[in-house]
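Chains as they are written, first to last, in the numbering used here: chain R, 1 to 185; chain V, 1 to 210.
These are computed hints drawn from the structure, not numbers from a lab.
Keep in mind it's a predicted model, so treat the numbers as computed, not measured.
It cannot be assumed that every hint is accurate.
[Claimed, not checked] Simulated crosslink set (DSS-like; lysine-lysine; CA at most 30 Å straight-line): (1) R:K75 / V:K44; (2) R:K54 / R:K7; (3) V:K203 / R:K71.
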Amino acid sequence: MNIMKKKLSEVEIMDYLDGTLDATRREEVAAYLHDHEDEAMEVADMKLAMSALKDFDESDPIRVSDDFWPKLRDKLPEQPKRSWVRSVTVQASAWLMPNRSPLRLSIGAAMVAMFLAMAVFLSGPQQTVHHSEALTTEEAAFVKKAVERHSNFVESQPLSSSLPLPVGDSRSADSDDEDGDSYNP
Amino acid sequence: MVAMAYPEVWAKEEDANSDAVLVERALDNDLAAFERLVTKYQNKILGFTARMLNDRDEAEDVTQEVFIKAYRSLESFRGASAFSTWLYRIATNLCIDRIRKRKRSPQQAYSLDEPMDKEDERGGGREIPDSSGEPSLNIEREELRQQVRITMAEMPEKLRAVLVMCDIQGMAYEDIAATLECPIGTVKSRLFHARADLARRLKPYMRGVK
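Construct all of the structure, not just a fragment, from the sequences and the given hints.
If you want it as structure tokens, here you go:
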């Protein structure tokens, strides 16, 4: 058996007096008290005090007077206050499932409403926000170079040769048109 | 999933006389339902207030106040705790207010030597049935009871409340903790000090009665 050297705590003493300690612990506490007379006397005095208190209470039974309810009834206000929300919830739940307790149904209805609200919130259209990402230095340099090369290529090409001739059409791209807007580099 | 959240609520059909049902009916202006609640708890609440205040008449007034207050705030009772816990909470607060008011007005102090039941004054004191055939033992027993009354009246109200709830009313620690809105460890600690105080004060009177 574990020999207890530490002083008993207040909670332990209460549990011992109330008989709620498990068998092993109860034996340990009893053994401790056997070896510590002062504490054992304190616990014994407490037991006697509890017994005296019980005797005191039983010797003086307390009951309300016969006119307790009539006096109380006269003092009660007209009607207890009731919020319309609670009224509606209870009435609706009683109507939907008349055999169920309104209180239980109110709780259930509130839970269902909460779950529905959460479901709508979580499954609703998500905002798709694409944040633009900055190009890396290499990517920026590549794009710039590509644009420059394209620009140079376009400028280096003569206009007439840059415009494809329609099939079957022997006229050149810079042939005169009637409006006089032909291009002749 | 809803049933899992409140298993004790959904597990069985609620009794038509359960406190929750009676509260709902009272809120629907069914006074008979409220009367049933009062009848169910009036003696328990009076027992508590009487031990806290050590004055029978004042205790009955306070008990009436408890039920009036409960009736007025019935809407705010959500069923998170037991109805009795809620009533005890109201009763504890009202008793503590009364006790503090007494301390502020010393001219209203009550004699601790007066018997609690005023009817006993006719006979000059409480009659003790002499079943043991030993008058001296009965006198010692009566002295012990008187000392219990005095000790409790002089005990700090927080300790007194726990002692009355646990050792007189027989409430479980969980219910006391819920009523006083404190941890169970605090309840046990206060109970320890209350019992220790009572034991120390009663020790000289317990020698003959052991």
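Okay, the hints, checked on the actual structure:
| no. | hint | verdict |
| --- | --- | --- |
| 1 | R:K75 / V:K44 | holds (21 Å) |
| 2 | R:K54 / R:K7 | holds (28 Å) |
| 3 | V:K203 / R:K71 | violated (42 Å) |
Violated hints amount to a single one, hint 3; each of the other numbered hints is respected by the structure.
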